[in-house]
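Colleague: Residues per chain, in single letters:
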Amino acid sequence: MINLHWLYVLAGAVFTGFAIGSARDETNSKRWGNAAFWALLAVSFWFGDFLGDIGNGVLVLLLVAIAGAHLIGRGTKQTTSGEERERSSARYGNKLFLPALVIPFTAFIGTLLFNYTPLKALGLIDPKAVTLVLFGTGVILAMIICHAWLRPPALAAVDEGSRLANSIGWAMVLPQMLASLGVIFAAAGIGTTIGALVGAIIPSGSIFLAVLLYALGMVVFTMIMGNAFAAFPVMAAAIGVPILIHGSGGNPAVIGAVGMLSGFCGTLMTPMAANFNIVPAALLELKNQYGVIKMQVPTALAMLIVNVIILYVAGFHL
Amino acid sequence: MINYWPLLGIALVVVGFALRFNPLLVVATAGIVTGLLGHMPFLKVLGTLGHGFNENRYVTIIWMILPVVGLLERYGLQERARTLIAGIRGATAGRLLIVYLALRQVLSALGLTTVAGHAQTVRPLVAPMAIAAAEKQHGELEEETSERVKAMCAATDNVGLFFGEDIFLAIASILLIQGSLASFGIQLTPFQLSVWAIPTAICAFFVHGARLLLLDRKLARAR
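Line by line, the protein sequences are chains A and B.
When we follow our numbering, the leftmost residue of the first sequence carries the number 1, and every step to the right adds one.
When we follow our numbering, the leftmost residue of the second sequence carries the number 1, and every step to the right adds one.
One chain only, chain A, in its complex shape:
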């Protein structure tokens, strides 16, 4: 059965490529730091399951040390000039979009096939890993098409991949690091503590204030934890179920669904949701690492108001 481990083997190979490409870039004065950083991640993908918890912890500390001591840099190596790109763009035309579209297309067709044909019952792909397996398949297909059609130099994929990898840098592992912080937060009982704090300040008598506190609690806790998933069970236990559903007779489907969506407003406003907010800033090479968050705050606040209204009206008055 194809499961996550197959993907880890592939990812390990890609990160090894980033390490090699970084080491080859002489224009980057910190190239060995970059190479070591990516090589450690390749080790994590390939051998993480054999290192043991402490071993993995040491690996994490090494990654942090490299990033924290600013041993990662960026090269200035130009793979092709702007002029060459214009020429090549004119030569290949709109067909250049096709390899880029292969990846979403594979995900699309694959998801349909998996859900609506007997493919699922065959047990070929681990259902828990199916989206990522399809993504990996798409990447491999796109890679094959690029090579067969464009015939790039042998190490071009390695160089181009590490050019982009180094423009993102440490931000690439921030989401994973935050996920492990979440594990520690859970082990240290942060959720129960916050639940108890919120539970102690619940206003009595006003349904609207309780709704407001529930939505704001979701936003703030989501901003702290970086995702609404960690916040929801806590806020449901502290306010949602005892006060809004049992105490005031609110519609549980509304309280549940729109409560979660209030949390999503928090996700839009926090650097802790790094894969949505910090990584794209790096990926688009923005000067301000909080540029994406700044853009999202007005939409998030407006949607928070909308959600509070929906919670109050649909939850209690429909």
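Hints are computed from structural coordinates only; laboratory data are not their basis.
Any given hint could be a false lead.
To be verified - On the chain A side, residues computed to face chain B include the following (Cβ under 7 Å):
#, residue
1, 2
2, 100
3, 146
4, 249
5, 253
6, 283
Where a beta carbon is used, it is the ideal one built from N, C-alpha and C, also for glycine.
Go by the hints and put chain B onto chain A.
Modeller: Here is chain B on its own, set in the frame of chain A:
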């Protein structure tokens, strides 16, 4: 008696991010401090950190797309995206992003969340297209304007994803709501929950869409 000291770990994260220390350093330090304040021995904290990191490797898998994106950029993908938009009459950055917002919401509502994304679509396609459209409206872009347009591309992707995905029945967050409420004896089907994601989704389209039209106005006015 609840131990409130681990909350200091959260404060550490907030301060560290605000002072713009390296985020990896901030997060790892906060994790270790939180664990120690929660009365975990150091090796236990280190092991928990390592275990969590190893279990969450799937989060980082997405980056294997980079060599493909890089290769296509080498052969002029971004230039192509720009040429394409420059050739469409009436194309503006705001209108382009409204179409993308709708597309992203609908695809997410159908469960196709990985079809688009920051690495898959925003960097190689949407951002260069939006920049090209903005240049048509505004003339050459000052750095600040081009930053705003690019940041808006990423923001639009997030808004479309967040306020679309919960309409799909089998998405993790819907299953989590169902599971959490079930533990309190409240039985709901995923369908009952996902229906209530629709009003918010529609509002999100209009709220963010309006902001995109405002962006167009700003781009046109500054000309």
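Colleague: All hints, please: hold or fail.
Modeller: Hint by hint, here is what the structure shows:
no., hint, in the structure
1, 2, "violated (14 Å)"
2, 100, "holds (6 Å)"
3, 146, "holds (5 Å)"
4, 249, "violated (12 Å)"
5, 253, "holds (4 Å)"
6, 283, "holds (5 Å)"
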